[in-house]
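Peer 1: Residues per chain are reported as follows:
Protein chains: 2
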Amino acid sequence: MTRIRDEDTEVENDIDNNSMLAAEPWRIRETAFDPASAFLHETLFTLGNGWIGLRGTPDEGTAGAAGRTLEGTYLNGFYDTEPIRYPENAYGLARVNEFMLNVPNAKRVAAVVDGERFALDSGRVVAYERTLDLKTGLVVRTVEWETRGGKRLRIASRRLVAFERKHVAALEYAVTPLNFAGTVRIVADIDADVTNLQAGDDPRVGSALTGAALIETGREIGARDVLLLQRTRHSGFTLATATECVVSGAPAVRVEPAGLGHAFEADLAEGATFTLHKYIAYASSRDMAPDACGPHARAELAAACAAGFDALAREQAAYLSGFWNEADVSIAGDDALQQGVRFNQFHLLQSVGRDGRTNIAAKGVTGEGYEGHYFWDTEIYVFPFFLFSRPEIARALLQYRYNGLPKARERARQMAHTKGALYPWRTIAGEECSAYFPAGTAQYHINADVAYSIRLYLLATDDFDFMAAQGAEIVLETARIWTGIGSYDRQGRFCINTVTGPDEYTAIVNNNTYTNAMARMHMTFAADVAERLRAERPADFARIAAAIGLDDAEIGAWRAASAAMLLPYDEALGIHAQDDSFLAKQPWDFANTPSENYPLLLHYHPLVIYRHQVCKQADVVLALLLLSNEFSLEDKRRDFDFYERVTTHDSSLSSCIFSIVANEIGDRRKAYDYFMETARLDLDNTHANTQYGVHTAAMAGTWLGVAYGFAGMRLDGAGLRFAPTLPDQWTGYRFKVQVRGALLDVAVDAAGTDYRLLRGERMSFAHGGTPIELDAQRAHIRMETSQ
Amino acid sequence: MTRIRDEDTEVENDIDNNSMLAAEPWRIRETAFDPASAFLHETLFTLGNGWIGLRGTPDEGTAGAAGRTLEGTYLNGFYDTEPIRYPENAYGLARVNEFMLNVPNAKRVAAVVDGERFALDSGRVVAYERTLDLKTGLVVRTVEWETRGGKRLRIASRRLVAFERKHVAALEYAVTPLNFAGTVRIVADIDADVTNLQAGDDPRVGSALTGAALIETGREIGARDVLLLQRTRHSGFTLATATECVVSGAPAVRVEPAGLGHAFEADLAEGATFTLHKYIAYASSRDMAPDACGPHARAELAAACAAGFDALAREQAAYLSGFWNEADVSIAGDDALQQGVRFNQFHLLQSVGRDGRTNIAAKGVTGEGYEGHYFWDTEIYVFPFFLFSRPEIARALLQYRYNGLPKARERARQMAHTKGALYPWRTIAGEECSAYFPAGTAQYHINADVAYSIRLYLLATDDFDFMAAQGAEIVLETARIWTGIGSYDRQGRFCINTVTGPDEYTAIVNNNTYTNAMARMHMTFAADVAERLRAERPADFARIAAAIGLDDAEIGAWRAASAAMLLPYDEALGIHAQDDSFLAKQPWDFANTPSENYPLLLHYHPLVIYRHQVCKQADVVLALLLLSNEFSLEDKRRDFDFYERVTTHDSSLSSCIFSIVANEIGDRRKAYDYFMETARLDLDNTHANTQYGVHTAAMAGTWLGVAYGFAGMRLDGAGLRFAPTLPDQWTGYRFKVQVRGALLDVAVDAAGTDYRLLRGERMSFAHGGTPIELDAQRAHIRMETSQ
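Chains as they are written, first to last, in our numbering: chain A, 4 to 790; chain B, 4 to 790.
Calculated pairs, EDC-like style, for lysine to aspartate or glutamate (alpha carbon to alpha carbon, straight line, at most 20 angstroms):
1. B/422 with A/592
2. A/422 with B/592
3. A/138 with A/167
4. A/154 with A/273
5. B/673 with B/638
6. A/422 with A/555
Honestly, the hints are just simulated from the structure, not real lab data.
Model the full structure from these sequences, guided by the hints.
Peer 2: Next comes the structure, spelled out in structure tokens:
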């Protein structure tokens, strides 16, 4: 089992990038089937709904060779466990890994003519097109295929994973004989012979699991329906996979069982179309009682069948129309970029859990990289996108952390904290799953990152009900860790020792600036929350304080520690030191590092990397963004200049942050260049590992790059503000922001910025320092764009 | 596989300490067989000769339950390999583990009467005594046993592992019917059904190996002899295990094959003694060609048989007489302590490799703890004992490091050093086997430790031939690492970042005082060696310089870095900081740490420990000893006082160093108390894990505690000197020191110290500051003992 974050992996030289994908604003379109890019495109064409994820493999099953394809079907947060074994053990190391399972492939369907089963790599593919339509949410594939005997067919399929029906997916498979009349067979079954990728020595892959993790506990095969019941080996969850097929377009269809499915056969006239609709449901005991999974899956199927595929497709389009109306980021003047931006938003929507028990994995539901784990990526990268476009999803993400509090408390005890809660660095169901603590558990900043997202949520929604119900308890319990691990030095400064900041090329240091600054924010916020709660909701305050044993002295200790927090600053250089010792280290010898030695982690021992002044990703620079009003513009300029020189951006979480801060300090060229490195990262496979899954944090970084970056949006104690600029390469861009129930449209072009209140009674914000208030009477204003 | 250093393990509450072992100055003696202490006593009664190690299990095979006994037979440095697998991988981590194998038990012999096989836990043991005699080197056991049928026998056995015959062990097994006449059978065979201990979740044990690691490649069973040939699974070594039996005392002995051995049967008169001598040889392809192992073992056996057991026993006694004459440390006034001190010296002699390819394992050849690995323990703890008593063995230990240079160069390249050599933190044949780099590979001080031992060797022997042949190359190649990892800070101070010092409760720090001070010594010594070599042996210098590409600039860089070396010092406290950040950390809360929470490593996550001011072992305090003349007495006092308060001595390498420095600063009570914690550590099983093997470093620490501690001996650039004191608890003590071929006897009593030149032309040294020179004319002087 090898779990290096897979942005750190070697370039896969034999995976083609997708220059063959046309730059279309609302679509991703393949016009030929190329085995060399199939693996990558399986990821790109993944469909999901926050729970189910179906990789974009062919309907007929994967066509590529082993290691060149991944028949992946995932359920966000549906996991098994395995013990973590260390070659040299120590107390308190993460003991159990949770990993997202590859579940049975229920979408398999294939046409058979004269005993020849259609596959993209057999017979002759005469014509081929596949489209992912970001407005309809469907993947549509049209193929013309000639059998070895010269019979030609058209096979047209459509696929969807229903946004409005958590447990349902559906597909349409239509076969038309083009130059013959005769028998056509369609086989539709469930492929339960699936396993997770094996790790071996390959650092790109997730799990050490060998063999099947799901044990069959029952199956029912009806006339046209199948119910498969399974149980996970260690975690003990039940999974029901159910399918039901409906055929049409042929006069007398013969049906016979075929494995976990059926074969449908009909005699067709030339030009007649034989259509199969397959409805799929997955239900698991993560959501319901084990015994309810089968019945629930059947009920969902029945409802889907009753509605029919076209109705599901209409539902899907309507859902997406609503989404794009409130979330779309449009960019004028660069279709490829526009495509990348929307593709990223679409995948975020497909990947994010909405039920309070699931979250958004580093790879969404598109692949097994990072084993389906959730990281701080959620709070710091993904959360703002949903907060400002789908706040109910943002709230569900916070609820997920609330549900994780009991395990975070347990973990805190294991880490010798007598009180408080420490969130796991990587997890599915709340267990710390990081098997390399120097770049895992040591990243205590996860606690502050969660608190930061709650602070942002409160600023954007004013939803103090949530605070009273859940948010305050998270913020208070997690804040306690800082006074637990921190201490005052002889100069009376509050220090936080022996942690790792966001930059994973530096580990186990003292006074990481990011961590200290975020901890200061966190403790101040915790004290504010406690006091506001006491004032406004005394009963809630009393209940929480009693439950967690909070007293005034502790609140006072947070204020004091915040006030005394040490942020290491180098007077000679005029910059914030990443940590106490960062500036004393030797600069990395970039001049003598060949390009093939990046990412460094794959070519240098951690000690070699840790010994040098070199960053994998934004660290201080991220603090400049998140705590924007705590740093002067001059600080930002100097810090940016310094850290840019020592940062490799080996992490996909880095470029978007540098783009945003470059915008703030007025470096338009760098802002644009860094943004472009993020926006099509997956579409262009620039990190060379998208075949194993998309990079959800970088996808969200694209949204951040537009809103926080080019539009200069910030929301903090100083209020909501914008400072839009327009890159020379674009003619304009536009996005929307939801704040406190109001929806604001922001449209920037060369001459100015239009702010339009689309919904809600009023919205107050600033434009480049000028306060603006829009309301029903004055719902629009145009401001000059700064240059 | 769990490889926490096993001094860090939990107290085994159910292993009895050996209060039943009488305090006798030259013997370890059991007077009853107690299953509860059998496991521990197996370790204590181990016999070895630096290559073979036979645990002190009964002749008949182990009698205890699984997990309560360990039938262990070891050959120092005879290992197999296994891949090291990490749950989260990174570049350059140790990839292959070398581990010492448990080899076939060739010493098994048992009496059988009426089909009843003698074992200590069956029938009735009427009388029992077992003695390890430190003068003869034999273990002698006498048992009277009664069968279930009431037949009583005396079984007397003697066992030895020949110091003068590397491949040979032998035993005598004599059976006497005491109350009957009749048939007695003696079965003597090889038990090849042995495996290493399995690790599981037990952190005390060494290896993840499952199943047998040795594959049989042949066997020859003769009339009274057996040859078993095996091959290791991965490392591919050949092992020949051979036995030959000679019986006497019975008129007509019937012989028949029995497994890998024979059964010898005779009809005995009451009171007649039937004696079997079993000669054993182990030969391996670590020492010779694979095909030669069998013939060599047979030849060794033939010679041993020809000599006979009594001759081997006489050889053994003669060898030990020579050893004790030159190495004995005697202490008057405390028999238990005297026993402990000699027991320790004896085990060191039994454990140390002498062939330049083997070294001394942390557990010697007495157990599998640390998998038979060699550590810095050799150079810093064990080496001085041999240097001053058996310098040829000390030289062989250095030769071992010379033979490890090619692998150390390879390792340096893996660690991104373009030149130089980096020794592995733990190894058998030179591969880095440390699977937890923060407390393994990060301990770069191993390089300086090796250089320190070479410097001491040169001071004690003046053997510059060795330097020209091997020593210089080691010192120069290893010194290069310091300029590789070190750098100058803005104040022009030479810094060494991102290393771990000796104290394993603090990891990955900058400017560890021990490391920096030792690196300074190392670079200065390297420059001195290079210049002396160039002056005295220009051809050797030219050869080495050409081979390793050494130039004057590099020598100059060592001088410069040494001169500019930063030793972190806290002016306010007046102490050396263990590293840049140690003093900024929170003190460990000792007051609220229950005693069962020691050793801390088994009860707190590494991050918790690393975050606090707490030491596992001597670190700065060790530097005060090793580089004694670089620190003032006042520095030593303050440093000792400070670090004593934060040191847990959870490592068995700690107390002896604190004892020595306590002596130097005049704290006689602490010097005595710390010494007593070391001297009987294994005999009294105070670390509660001696059942898994002795602690060779602590054993050597006992010698250091007498010579360096009570006698105040130092040898450095300022010459040899003593400053003896006498603990109130003793009436006197005496030890010998070999320097430059001369042998000095040092005898301390309440009134004074007698120095006596026993061999050699002259010896110069100082006594409490007074220079003394002894020679043939004036071979003795008595000096007043300081109080």
